[in-house]
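Chains A and B, in that order, give the protein sequences. The first sequence runs 1 to 342 under full-length UniProt numbering. The second sequence runs 1 to 342 under full-length UniProt numbering.
Treat the hints with care, as some may be off.
Since the list can't tell identical chains apart, any single copy or any two copies may satisfy a pair.
As the list claims (entries may be wrong) - Result set (PhoX-like, lysine-lysine): computed pairs, CA atoms no more than 20 Å apart in a straight line:
1. K137 - K38
2. K162 - K318
3. K105 - K335
4. K167 - K38
5. K137 - K10
It should be emphasised that the hints constitute simulated quantities derived from the structure, not laboratory data. Bear in mind that the values here come from a model prediction, so they are computed numbers and not experimental data.
Protein chains: 2
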Amino acid sequence: MITIYDIAAKAGVSAMTVSRVINNTGRISEATRKRVRKVMEDLHYIPNSMARSLVLQKTNILSLLITDITNPFYTTLARGAEDAALRAGYRLLFANSDEDYTKEKGYVDMILSTRVDGVLFAPTGDQSLENLQQLQKHQIPFVVLDREIPGIEADLVLGDSKEGARKLVDHLIALGHRRIALINGSPDVSTARLRYTGYREAHLLSGIPIEDSLVVHLNYRDFHDESALDALLSHENPPTAIFAANNMLAVGIIQSLRQRGLQVPGDLSVVCFDDFGPAGAINPFLTVASQPAYQFGLLGMQLLIDRIEGDPSQELRKMILPSELLIRTSTQPLKEEPWIQT
Amino acid sequence: MITIYDIAAKAGVSAMTVSRVINNTGRISEATRKRVRKVMEDLHYIPNSMARSLVLQKTNILSLLITDITNPFYTTLARGAEDAALRAGYRLLFANSDEDYTKEKGYVDMILSTRVDGVLFAPTGDQSLENLQQLQKHQIPFVVLDREIPGIEADLVLGDSKEGARKLVDHLIALGHRRIALINGSPDVSTARLRYTGYREAHLLSGIPIEDSLVVHLNYRDFHDESALDALLSHENPPTAIFAANNMLAVGIIQSLRQRGLQVPGDLSVVCFDDFGPAGAINPFLTVASQPAYQFGLLGMQLLIDRIEGDPSQELRKMILPSELLIRTSTQPLKEEPWIQT
DNA sequence: ATATGTTGTGTTATCGATAACTCAAAAATA
DNA sequence: TATTTTTGAGTTATCGATAACACAACATAT
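Assemble the whole structure, with the sequences as input and the hints as a guide.
This is how it looks when you write it as C-alpha cells:
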C-alpha cells in the first residue's frame, strides 16, 4: 500500500510537503505542487483516513442507525440522511438494529470504537436509554429520530404520532366503525404510546367508549404472533376495523386475515401508520398516515451536522413532522351486518 | 476521550499490559487482569479502532456497495450481507451508488481511504470497470454481485437473467401474447443484455419474430422517460404485453399506463424481474421472476470473507442463483380484441 | 549595507494502539 | 546451592498522517 512517504521519496520532497499539497495548506511553489500531484496520480495514491483521523481527532464519518432496513420508511429516510451527509462532505456508516436492543448495543460499541463524529439514531425503544447514555459519556453528538426516549435530552426529529393516529381513527369512525382494534408496537416505544393516545382521543371526542380488549401490543418489526389476532377475532363482539401501528404490522395482519378467509376491507377495514415506498406504489391499497420519510433523514442529518459544526451550546431543537392521511381502498363504510365469526 | 494510557495509569500498569488484557494475548496474572478490567469498565473505555487498524494493517470493516437502497431487492440483499459479516466479526460500511457511476467512484475513493478489508460490489454497469480496477490496483479483495463486468476476473454471485427472462416471456407467450415489448435496463449492464437474450430465445423457440421497435433501453433505477412508452403505445401495431427488466421499471410503467387510462392486465399484461419484498406482500400483483435476494447477500459475503481469510490463490468462483417464476394477476390471456389506441 | 519580512520547505513530536524485544523475580531443575 | 526455565510484566519502535516549530534563501525596507 502506497503511503505519503512513498510519494515524498519519488517526488524528492518531505512528507510534510506532500501533506500540504493534499490539503492545500501552507505555501507551496507551483513547480513542487505539480510534481507532487503527478507522482500521486501515477501511483494512484489515496491517503489513509485512519492515520489522518488519528491525528486530527476527527473521522469525517457519521453514523446512521435505523431499526429495520427492510422497512421502506427507513430506507427512504436513509436516502435523505445520505444525501445530507454526502453534501456536507461526510461518509456514512450505516447500522441496522432490527428492533433488537442487543444488536443495537453491539452497533453502539462499533460506532464508539470507530470514533464517528456523530450519530443519527433511531432507537429501538425506551431501553435504548443506556445506549444513548453510552454515547453521551463519550461525548459523541447525536440526533434522535422517530422515537423520543425519556431521560434523554437531545435534538429530535419526530413524526406527529398522536395527530396521525387521530386522523386514521377519525376516518374509521366517520365510516361508521365503532369497534376499532389497535394492534400497536411495544408500549416502551414512544410512538406506540402516542398512537394509543391519538386512538384514545379520537374515541373520546366522538363519545365512543374504549375497550381494552381491543388493544394489543406486538413488535413493530414483524407480525409473528397469531394469537393476538386469534383473541381479537374470537371476541364475542369482534372489531369491524383494525388500526395497525405501522406498515409492517399491517402487512402481517392482512396476510393473516386473508389466510383466515376474511376480506379487507369487505370484512374488516384496515389502516396503518407509514406508507410503502415505491414497492407499494403499484396498487396503493392501504389507507395510511404517511410520514415524510426522506425529510426525516434529511432534516435529522442537517441538525446533526449543525450540532457538530455549529455552536455546540446551542439549545436543543425538536422538530415534529406532520403526517398525511392517504385514503385508499383498505377502508370502507361499516356494513349493516358486520362480519360474524363462524 | 479515554485512551489505553489512561487505563494503564489508573491501573498502575503499562499500556502494553492493558493491550494484553484487551486482546487476551501474552501472560497476565489473574490479579492484574481483574484490576485492569475493572478500570476499563469504570471509565467506559472502548479501544480506538483507528489506532488499532493503523498498526495491524487490518480494519475489520467490509464494505457493501449497492446500486439502489430504495429497491427491496437490494435491501433484502443487504440484510443477508449484514448477517454474514456480523457473524464473522466484521463491521459493515454501506454505500449506495444510485446507479450513478460518479457517485460510485466517490464511494470507491472513500472505501479505499478507509482501507476496508474487502468489498461486496454491485456495479452500476460495464463502466464500473475502472472503479473495480482501482480496487485491484490497491489489492482490495472484492466479490462482484448481480452484474458481470467484462474485463474483471473476480468471484461472482449472479442471478440467472437469461433463464428468468425466458420463463417470463414463455409465460406471456403461453397466454397467447405475440407482441411483447421489452423495457430494458441500460445495454451496458450485463443483466440487461442477458434478459434481452432470454427474451430473444423465448421468441425464437416459439417461432415468433422479434421486432426491434418493441425493445427499449432505460435506466434500471427509475422510470422517467415517458417517451419510451409513448413510442410503444403509438406503434401502428402496439404490444399486448410488457416485460419490464426490473421491479422499479415495472412500477413506473404501470403508473404511467394507468395515467394513460390503460388497465393492467386488462389492456396490457406486465411482468418483471425481481420481487417487491414485504411492502409488496399485501397485494402481490405483478407476475415476476423472483431472485433470492437474501441469498445473494449472504453467499456473496461468505465468498468475500473466505477470500480474505482463506487461501487467496484459490481459484475464482462463480455462483449463479436461479430465479423463480411467480405467476400473479398482472398477466392474463390475450383477448380476441386487443386494445387499440384511440 | 543592514535589518526585517516573506516564501518554501524540512524536522520533530504526536495521535492510540500493538509487535518485538528485554528483563527481573519466582519457580523448577540439577 | 547453583543453574535454568517460566512467568509477568515493561520499553521501544512502528503504523501514516499532520501540527507546530525551525530555518535557509531571497526580497524588501530603512
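How the hints compare with the structure:
1. K137 - K38: Answer is between; shortest inter-copy Cα gap is 17 Å, intra-copy 45 Å.
2. K162 - K318: Within one copy only: 16 Å inside, 52 Å across.
3. K105 - K335: neither (48 Å within a copy, 58 Å between copies)
4. K167 - K38: The answer is neither: 63 Å in one copy and 53 Å across copies each exceed 20 Å.
5. K137 - K10: between (45 Å within a copy, 18 Å between copies)
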